[in-house]
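Sequences are here, hints too, so could you generate the full structure?
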Amino acid sequence: MKNTLAVAAACSLIAGVASAQDETLTISVYAFGVDAMSEAIFTPFEEVCGCEVVIETGNSVERMAKIEVNAADPLIDVAVMSTQDALQLAEQGLLQPLDVSRISSYDDLYPSAQDPIGNHHALGYGFYATSIVYRSDLVEIDSWNDLFSDELRGRVALPNITGTQGPLTLYMLERARGGDDLGFEATIDAIGAHGDDFVTFYSRSSELAQLMMQEEVIAAPAGRFAWSRFAGAELPFAWAEPEEGQAGGMNVITMTAGNGNEDLAYQFIDYWLSTEVQTRVAEAGLDSPANMRVDLAPEVAEPLTYGADLINSLNMIAPADIIANRDAWLERWNENVLN
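Under the numbering used here, think of the first position of the sequence shown as 1, with each following residue one higher.
Hint data in this document are derived by calculation from the structure and do not stem from the laboratory.
Nothing here was measured: the structure is a model prediction, and the numbers come from that model.
Note that the Cβ used here is the ideal one computed from N, Cα and C, for glycine as well.
Some hints could be false.
Unchecked claim - Simulated restraints, written as ranges between beta carbons of each label pair: (1) 234 x 270: 41 to 51 Å; (2) 298 x 243: 18 to 28 Å; (3) 177 x 276: 17 to 27 Å; (4) 276 x 137: 35 to 45 Å; (5) 241 x 72: 46 to 56 Å.
As the list claims (entries may be wrong) - Quick list of in silico lysine to any residue cross-link-like pairs, SDA-like style, CA-CA up to 25 Å: (6) 66 x 24; (7) 66 x 258; (8) 66 x 54; (9) 66 x 35; (10) 66 x 93; (11) 66 x 36; (12) 66 x 164; (13) 66 x 203; (14) 66 x 55; (15) 66 x 118; (16) 66 x 323; (17) 66 x 260; (18) 66 x 46; (19) 66 x 327; (20) 66 x 239; (21) 66 x 33; (22) 66 x 267; (23) 66 x 51; (24) 66 x 326; (25) 66 x 320; (26) 66 x 204; (27) 66 x 30; (28) 66 x 324; (29) 66 x 23; (30) 66 x 119; (31) 66 x 259; (32) 66 x 263; (33) 66 x 32; (34) 66 x 26; (35) 66 x 37; (36) 66 x 162; (37) 66 x 42; (38) 66 x 82; (39) 66 x 257; (40) 66 x 56.
The following block contains the structure:
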(Lines of atoms letter the chains of each structure in order from A and count residues from 1; the text may use other names and numbers.)
(Lines give C-alpha, C1' and ligand atoms only; values in the text may rest on other atoms or scores of the structure.)
Protein backbone atom coordinates (compact mmCIF):
# COMPACT_ATOMS: atom_id res chain seq x y z
CA MET A 1 0.00 0.00 0.00
CA LYS A 2 2.82 2.42 0.90
CA ASN A 3 4.56 1.69 -2.39
CA THR A 4 1.35 2.29 -4.29
CA LEU A 5 0.88 5.64 -2.56
CA ALA A 6 4.49 6.59 -3.21
CA VAL A 7 4.20 5.77 -6.89
CA ALA A 8 0.96 7.76 -7.12
CA ALA A 9 2.55 10.77 -5.40
CA ALA A 10 5.57 10.61 -7.69
CA CYS A 11 3.35 10.44 -10.76
CA SER A 12 1.33 13.40 -9.51
CA LEU A 13 4.52 15.42 -8.95
CA ILE A 14 5.85 14.56 -12.40
CA ALA A 15 2.51 15.51 -13.96
CA GLY A 16 2.55 18.85 -12.11
CA VAL A 17 6.06 19.67 -13.32
CA ALA A 18 5.16 18.68 -16.86
CA SER A 19 2.04 20.82 -16.71
CA ALA A 20 4.05 23.87 -15.59
CA GLN A 21 6.58 23.31 -18.35
CA ASP A 22 3.77 23.01 -20.90
CA GLU A 23 2.39 26.46 -19.96
CA THR A 24 3.03 29.17 -22.52
CA LEU A 25 2.82 32.95 -22.15
CA THR A 26 2.63 34.96 -25.37
CA ILE A 27 3.71 38.58 -25.14
CA SER A 28 3.68 41.32 -27.76
CA VAL A 29 6.62 43.74 -27.52
CA TYR A 30 8.53 46.36 -29.47
CA ALA A 31 11.07 44.87 -31.86
CA PHE A 32 13.76 47.36 -30.75
CA GLY A 33 16.32 45.62 -28.50
CA VAL A 34 14.27 42.45 -28.20
CA ASP A 35 17.33 40.19 -27.85
CA ALA A 36 18.66 42.25 -24.96
CA MET A 37 15.20 42.35 -23.38
CA SER A 38 15.01 38.57 -23.66
CA GLU A 39 18.25 38.28 -21.72
CA ALA A 40 17.12 40.74 -19.06
CA ILE A 41 13.46 39.75 -18.64
CA PHE A 42 11.95 37.00 -20.75
CA THR A 43 14.49 34.18 -20.32
CA PRO A 44 14.90 34.73 -16.54
CA PHE A 45 11.11 34.71 -16.18
CA GLU A 46 10.95 31.32 -17.90
CA GLU A 47 13.20 29.98 -15.15
CA VAL A 48 10.95 31.50 -12.47
CA CYS A 49 7.63 30.30 -13.91
CA GLY A 50 8.78 27.00 -15.41
CA CYS A 51 6.94 28.02 -18.55
CA GLU A 52 7.72 29.05 -22.12
CA VAL A 53 7.61 32.70 -23.20
CA VAL A 54 6.68 33.29 -26.84
CA ILE A 55 7.60 36.74 -28.14
CA GLU A 56 5.59 38.52 -30.84
CA THR A 57 7.05 41.69 -32.40
CA GLY A 58 6.10 44.21 -35.06
CA ASN A 59 5.21 47.86 -35.39
CA SER A 60 2.32 49.30 -33.39
CA VAL A 61 -0.24 48.99 -36.19
CA GLU A 62 0.60 45.32 -36.81
CA ARG A 63 0.56 44.37 -33.16
CA MET A 64 -2.70 46.18 -32.42
CA ALA A 65 -4.32 44.60 -35.47
CA LYS A 66 -3.40 41.14 -34.23
CA ILE A 67 -5.12 41.81 -30.92
CA GLU A 68 -8.19 43.22 -32.66
CA VAL A 69 -8.55 40.41 -35.22
CA ASN A 70 -8.20 37.70 -32.57
CA ALA A 71 -10.43 39.33 -29.95
CA ALA A 72 -12.72 36.30 -29.66
CA ASP A 73 -9.83 33.91 -29.04
CA PRO A 74 -6.76 35.97 -28.05
CA LEU A 75 -3.34 34.82 -29.27
CA ILE A 76 -1.60 37.48 -27.15
CA ASP A 77 -1.71 37.35 -23.36
CA VAL A 78 0.33 40.44 -22.45
CA ALA A 79 1.24 43.43 -24.62
CA VAL A 80 3.43 46.50 -24.13
CA MET A 81 2.67 49.67 -26.07
CA SER A 82 2.18 53.43 -25.92
CA THR A 83 -0.52 54.90 -23.69
CA GLN A 84 -2.62 56.02 -26.66
CA ASP A 85 -2.55 52.59 -28.31
CA ALA A 86 -3.51 50.97 -25.02
CA LEU A 87 -6.39 53.40 -24.56
CA GLN A 88 -7.65 52.68 -28.08
CA LEU A 89 -7.71 48.94 -27.36
CA ALA A 90 -9.32 49.49 -23.95
CA GLU A 91 -12.11 51.54 -25.53
CA GLN A 92 -12.84 48.53 -27.77
CA GLY A 93 -13.10 46.27 -24.73
CA LEU A 94 -9.97 44.33 -25.72
CA LEU A 95 -7.96 44.89 -22.53
CA GLN A 96 -8.71 43.42 -19.13
CA PRO A 97 -8.82 45.76 -16.11
CA LEU A 98 -5.98 44.77 -13.80
CA ASP A 99 -6.45 43.71 -10.20
CA VAL A 100 -3.61 45.80 -8.79
CA SER A 101 -3.71 43.88 -5.50
CA ARG A 102 -1.93 41.13 -7.46
CA ILE A 103 0.95 43.48 -8.39
CA SER A 104 3.33 43.50 -5.43
CA SER A 105 5.24 46.59 -6.61
CA TYR A 106 2.16 48.64 -7.48
CA ASP A 107 2.72 51.14 -4.67
CA ASP A 108 6.35 51.49 -5.77
CA LEU A 109 5.38 52.86 -9.18
CA TYR A 110 5.41 56.59 -9.86
CA PRO A 111 1.84 57.88 -9.40
CA SER A 112 1.52 58.70 -13.10
CA ALA A 113 2.35 55.06 -13.93
CA GLN A 114 -0.25 53.53 -11.60
CA ASP A 115 -3.32 54.15 -13.77
CA PRO A 116 -2.16 56.00 -16.90
CA ILE A 117 -5.21 55.35 -19.13
CA GLY A 118 -7.94 54.88 -16.51
CA ASN A 119 -9.85 51.92 -15.08
CA HIS A 120 -6.55 50.13 -14.41
CA HIS A 121 -6.38 48.90 -17.99
CA ALA A 122 -2.60 49.43 -18.00
CA LEU A 123 0.43 50.06 -15.81
CA GLY A 124 3.42 52.17 -16.79
CA TYR A 125 6.72 50.30 -16.99
CA GLY A 126 9.01 52.90 -18.56
CA PHE A 127 9.32 56.63 -19.24
CA TYR A 128 11.14 58.52 -21.95
CA ALA A 129 11.98 62.19 -22.36
CA THR A 130 12.05 63.98 -25.70
CA SER A 131 14.37 66.92 -26.30
CA ILE A 132 16.82 68.14 -28.94
CA VAL A 133 20.11 66.43 -29.78
CA TYR A 134 22.61 68.90 -31.21
CA ARG A 135 26.26 69.50 -32.10
CA SER A 136 27.59 71.49 -29.17
CA ASP A 137 30.66 72.64 -31.14
CA LEU A 138 28.51 74.25 -33.83
CA VAL A 139 25.39 75.59 -32.17
CA GLU A 140 23.73 76.26 -28.82
CA ILE A 141 20.12 75.26 -28.18
CA ASP A 142 18.18 77.19 -25.53
CA SER A 143 14.64 76.94 -26.88
CA TRP A 144 12.52 74.72 -29.08
CA ASN A 145 12.12 77.80 -31.29
CA ASP A 146 15.83 77.57 -32.15
CA LEU A 147 14.89 74.82 -34.62
CA PHE A 148 13.48 77.61 -36.83
CA SER A 149 16.54 79.87 -36.51
CA ASP A 150 18.51 81.16 -39.50
CA GLU A 151 21.64 79.64 -37.94
CA LEU A 152 20.18 76.15 -38.26
CA ARG A 153 18.50 76.55 -41.63
CA GLY A 154 19.13 73.50 -43.79
CA ARG A 155 20.74 71.55 -40.90
CA VAL A 156 17.68 70.36 -38.92
CA ALA A 157 15.65 67.14 -39.12
CA LEU A 158 12.20 66.82 -37.56
CA PRO A 159 10.35 63.60 -36.73
CA ASN A 160 7.50 62.57 -38.98
CA ILE A 161 4.03 63.20 -37.58
CA THR A 162 3.24 59.47 -37.70
CA GLY A 163 6.04 58.55 -35.26
CA THR A 164 6.01 58.72 -31.47
CA GLN A 165 8.26 61.78 -31.42
CA GLY A 166 6.17 63.73 -33.96
CA PRO A 167 3.26 64.84 -31.72
CA LEU A 168 5.63 65.48 -28.79
CA THR A 169 7.75 67.77 -30.95
CA LEU A 170 4.65 69.64 -32.16
CA TYR A 171 3.51 69.97 -28.54
CA MET A 172 6.76 71.63 -27.46
CA LEU A 173 6.97 73.84 -30.55
CA GLU A 174 3.39 74.96 -29.87
CA ARG A 175 4.35 75.87 -26.29
CA ALA A 176 7.51 77.66 -27.44
CA ARG A 177 5.42 79.74 -29.85
CA GLY A 178 3.13 80.75 -26.99
CA GLY A 179 0.20 78.59 -28.03
CA ASP A 180 -1.84 75.97 -26.22
CA ASP A 181 -3.93 74.55 -29.07
CA LEU A 182 -3.81 70.76 -29.18
CA GLY A 183 -4.86 70.96 -32.81
CA PHE A 184 -1.36 72.33 -33.54
CA GLU A 185 -2.71 74.11 -36.64
CA ALA A 186 -0.42 77.17 -36.49
CA THR A 187 2.63 75.08 -35.61
CA ILE A 188 2.08 72.62 -38.46
CA ASP A 189 1.55 75.55 -40.82
CA ALA A 190 4.82 77.12 -39.62
CA ILE A 191 6.68 73.89 -40.32
CA GLY A 192 5.13 73.80 -43.77
CA ALA A 193 6.17 77.41 -44.41
CA HIS A 194 9.76 76.50 -43.49
CA GLY A 195 9.61 73.11 -45.23
CA ASP A 196 12.66 73.77 -47.39
CA ASP A 197 14.70 74.62 -44.29
CA PHE A 198 14.51 71.05 -42.96
CA VAL A 199 16.72 68.24 -44.25
CA THR A 200 14.06 65.58 -43.77
CA PHE A 201 11.23 64.34 -41.59
CA TYR A 202 12.68 61.15 -40.20
CA SER A 203 10.77 58.01 -39.25
CA ARG A 204 13.36 56.02 -37.27
CA SER A 205 16.00 57.01 -34.73
CA SER A 206 18.54 54.94 -36.68
CA GLU A 207 17.88 57.15 -39.72
CA LEU A 208 18.43 60.28 -37.63
CA ALA A 209 21.65 58.91 -36.13
CA GLN A 210 23.07 58.22 -39.58
CA LEU A 211 22.27 61.76 -40.78
CA MET A 212 23.92 63.28 -37.72
CA MET A 213 27.00 61.07 -37.94
CA GLN A 214 27.35 62.10 -41.58
CA GLU A 215 27.07 65.75 -40.40
CA GLU A 216 24.11 66.46 -42.67
CA VAL A 217 22.03 67.32 -39.60
CA ILE A 218 23.32 69.17 -36.54
CA ALA A 219 20.11 69.42 -34.48
CA ALA A 220 16.96 67.34 -34.18
CA PRO A 221 14.31 66.33 -31.63
CA ALA A 222 14.79 62.78 -30.37
CA GLY A 223 13.67 60.43 -27.65
CA ARG A 224 16.04 59.84 -24.76
CA PHE A 225 15.99 56.11 -25.51
CA ALA A 226 17.98 56.93 -28.66
CA TRP A 227 20.62 58.97 -26.81
CA SER A 228 22.98 55.98 -26.60
CA ARG A 229 23.44 56.25 -30.39
CA PHE A 230 25.01 59.69 -29.88
CA ALA A 231 26.56 59.63 -26.40
CA GLY A 232 29.54 57.49 -27.38
CA ALA A 233 30.18 59.11 -30.75
CA GLU A 234 33.41 60.91 -31.63
CA LEU A 235 31.42 64.01 -32.62
CA PRO A 236 30.44 66.29 -29.69
CA PHE A 237 26.69 65.78 -29.31
CA ALA A 238 24.70 67.30 -26.45
CA TRP A 239 21.22 66.88 -25.02
CA ALA A 240 19.35 70.19 -24.81
CA GLU A 241 17.44 71.39 -21.78
CA PRO A 242 15.25 74.05 -23.46
CA GLU A 243 13.66 76.80 -21.42
CA GLU A 244 10.21 75.39 -22.23
CA GLY A 245 11.21 72.00 -20.80
CA GLN A 246 11.25 68.52 -22.26
CA ALA A 247 8.37 66.49 -23.61
CA GLY A 248 7.80 62.99 -22.36
CA GLY A 249 5.95 59.76 -22.83
CA MET A 250 5.28 56.48 -21.11
CA ASN A 251 5.10 52.91 -22.28
CA VAL A 252 2.62 50.62 -20.58
CA ILE A 253 2.04 46.93 -19.99
CA THR A 254 -1.44 45.47 -20.53
CA MET A 255 -3.35 42.19 -20.39
CA THR A 256 -5.74 41.16 -23.16
CA ALA A 257 -9.33 40.46 -22.22
CA GLY A 258 -10.46 36.85 -22.04
CA ASN A 259 -7.09 35.29 -22.80
CA GLY A 260 -7.63 32.40 -20.36
CA ASN A 261 -4.05 32.71 -19.14
CA GLU A 262 -4.59 35.37 -16.50
CA ASP A 263 -2.63 33.79 -13.63
CA LEU A 264 0.55 33.51 -15.67
CA ALA A 265 -0.01 36.97 -17.14
CA TYR A 266 -0.31 38.50 -13.65
CA GLN A 267 2.86 36.69 -12.59
CA PHE A 268 4.73 38.13 -15.56
CA ILE A 269 3.47 41.70 -15.08
CA ASP A 270 4.35 41.52 -11.39
CA TYR A 271 7.81 40.23 -12.32
CA TRP A 272 8.52 42.99 -14.87
CA LEU A 273 7.49 45.78 -12.49
CA SER A 274 9.48 44.46 -9.53
CA THR A 275 12.36 46.56 -8.21
CA GLU A 276 14.83 43.78 -9.06
CA VAL A 277 13.84 43.46 -12.72
CA GLN A 278 13.33 47.19 -13.29
CA THR A 279 16.82 47.74 -11.89
CA ARG A 280 18.32 45.05 -14.13
CA VAL A 281 16.64 46.51 -17.22
CA ALA A 282 17.78 50.04 -16.36
CA GLU A 283 21.36 48.95 -15.66
CA ALA A 284 21.41 47.32 -19.09
CA GLY A 285 20.34 50.66 -20.57
CA LEU A 286 17.16 49.17 -22.05
CA ASP A 287 14.43 51.21 -20.36
CA SER A 288 13.95 54.00 -17.85
CA PRO A 289 12.24 52.63 -14.74
CA ALA A 290 8.70 53.38 -13.62
CA ASN A 291 9.48 51.84 -10.22
CA MET A 292 10.46 54.59 -7.76
CA ARG A 293 12.59 52.24 -5.64
CA VAL A 294 15.13 51.66 -8.42
CA ASP A 295 18.40 53.20 -7.26
CA LEU A 296 20.97 53.77 -10.00
CA ALA A 297 24.55 54.99 -9.97
CA PRO A 298 24.91 58.42 -11.66
CA GLU A 299 26.81 57.01 -14.62
CA VAL A 300 24.05 54.43 -15.19
CA ALA A 301 21.25 56.98 -14.78
CA GLU A 302 22.81 59.59 -17.09
CA PRO A 303 21.45 58.24 -20.42
CA LEU A 304 18.03 57.38 -18.95
CA THR A 305 14.87 59.26 -18.08
CA TYR A 306 15.39 58.70 -14.38
CA GLY A 307 14.40 60.27 -11.09
CA ALA A 308 11.33 61.97 -9.68
CA ASP A 309 12.44 65.54 -10.50
CA LEU A 310 12.83 64.78 -14.21
CA ILE A 311 9.82 62.49 -14.56
CA ASN A 312 7.49 64.90 -12.76
CA SER A 313 8.69 67.77 -14.97
CA LEU A 314 7.95 66.07 -18.32
CA ASN A 315 5.36 67.68 -20.57
CA MET A 316 3.06 64.84 -21.62
CA ILE A 317 0.06 64.77 -23.92
CA ALA A 318 -2.89 62.90 -22.44
CA PRO A 319 -3.54 59.74 -24.48
CA ALA A 320 -7.19 60.73 -24.97
CA ASP A 321 -6.04 64.02 -26.52
CA ILE A 322 -3.73 62.16 -28.91
CA ILE A 323 -6.57 59.89 -30.06
CA ALA A 324 -8.96 62.84 -30.43
CA ASN A 325 -6.57 64.92 -32.55
CA ARG A 326 -4.24 62.63 -34.48
CA ASP A 327 -6.41 62.27 -37.60
CA ALA A 328 -6.63 66.06 -37.88
CA TRP A 329 -2.86 66.36 -37.29
CA LEU A 330 -2.14 63.91 -40.07
CA GLU A 331 -4.54 65.56 -42.50
CA ARG A 332 -3.08 69.04 -41.92
CA TRP A 333 0.49 67.68 -42.04
CA ASN A 334 -0.15 65.99 -45.37
CA GLU A 335 -1.73 69.13 -46.80
CA ASN A 336 0.67 71.77 -45.48
CA VAL A 337 4.00 70.02 -44.93
CA LEU A 338 4.26 67.20 -47.45
CA ASN A 339 2.58 69.01 -50.37
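Going down the list of hints, with the structure as the test:
no. : hint                  : verdict
1   : 234 x 270: 41 to 51 Å : 43 Å, holds
2   : 298 x 243: 18 to 28 Å : 25 Å, holds
3   : 177 x 276: 17 to 27 Å : 44 Å, violated
4   : 276 x 137: 35 to 45 Å : 41 Å, holds
5   : 241 x 72: 46 to 56 Å  : 49 Å, holds
6   : 66 x 24               : 18 Å, holds
7   : 66 x 258              : 15 Å, holds
8   : 66 x 54               : 15 Å, holds
9   : 66 x 35               : 22 Å, holds
10  : 66 x 93               : 15 Å, holds
11  : 66 x 36               : 24 Å, holds
12  : 66 x 164              : 20 Å, holds
13  : 66 x 203              : 23 Å, holds
14  : 66 x 55               : 13 Å, holds
15  : 66 x 118              : 23 Å, holds
16  : 66 x 323              : 19 Å, holds
17  : 66 x 260              : 17 Å, holds
18  : 66 x 46               : 24 Å, holds
19  : 66 x 327              : 22 Å, holds
20  : 66 x 239              : 37 Å, violated
21  : 66 x 33               : 21 Å, holds
22  : 66 x 267              : 23 Å, holds
23  : 66 x 51               : 23 Å, holds
24  : 66 x 326              : 22 Å, holds
25  : 66 x 320              : 22 Å, holds
26  : 66 x 204              : 23 Å, holds
27  : 66 x 30               : 14 Å, holds
28  : 66 x 324              : 23 Å, holds
29  : 66 x 23               : 21 Å, holds
30  : 66 x 119              : 23 Å, holds
31  : 66 x 259              : 13 Å, holds
32  : 66 x 263              : 22 Å, holds
33  : 66 x 32               : 19 Å, holds
34  : 66 x 26               : 12 Å, holds
35  : 66 x 37               : 22 Å, holds
36  : 66 x 162              : 20 Å, holds
37  : 66 x 42               : 21 Å, holds
38  : 66 x 82               : 16 Å, holds
39  : 66 x 257              : 13 Å, holds
40  : 66 x 56               : 10 Å, holds
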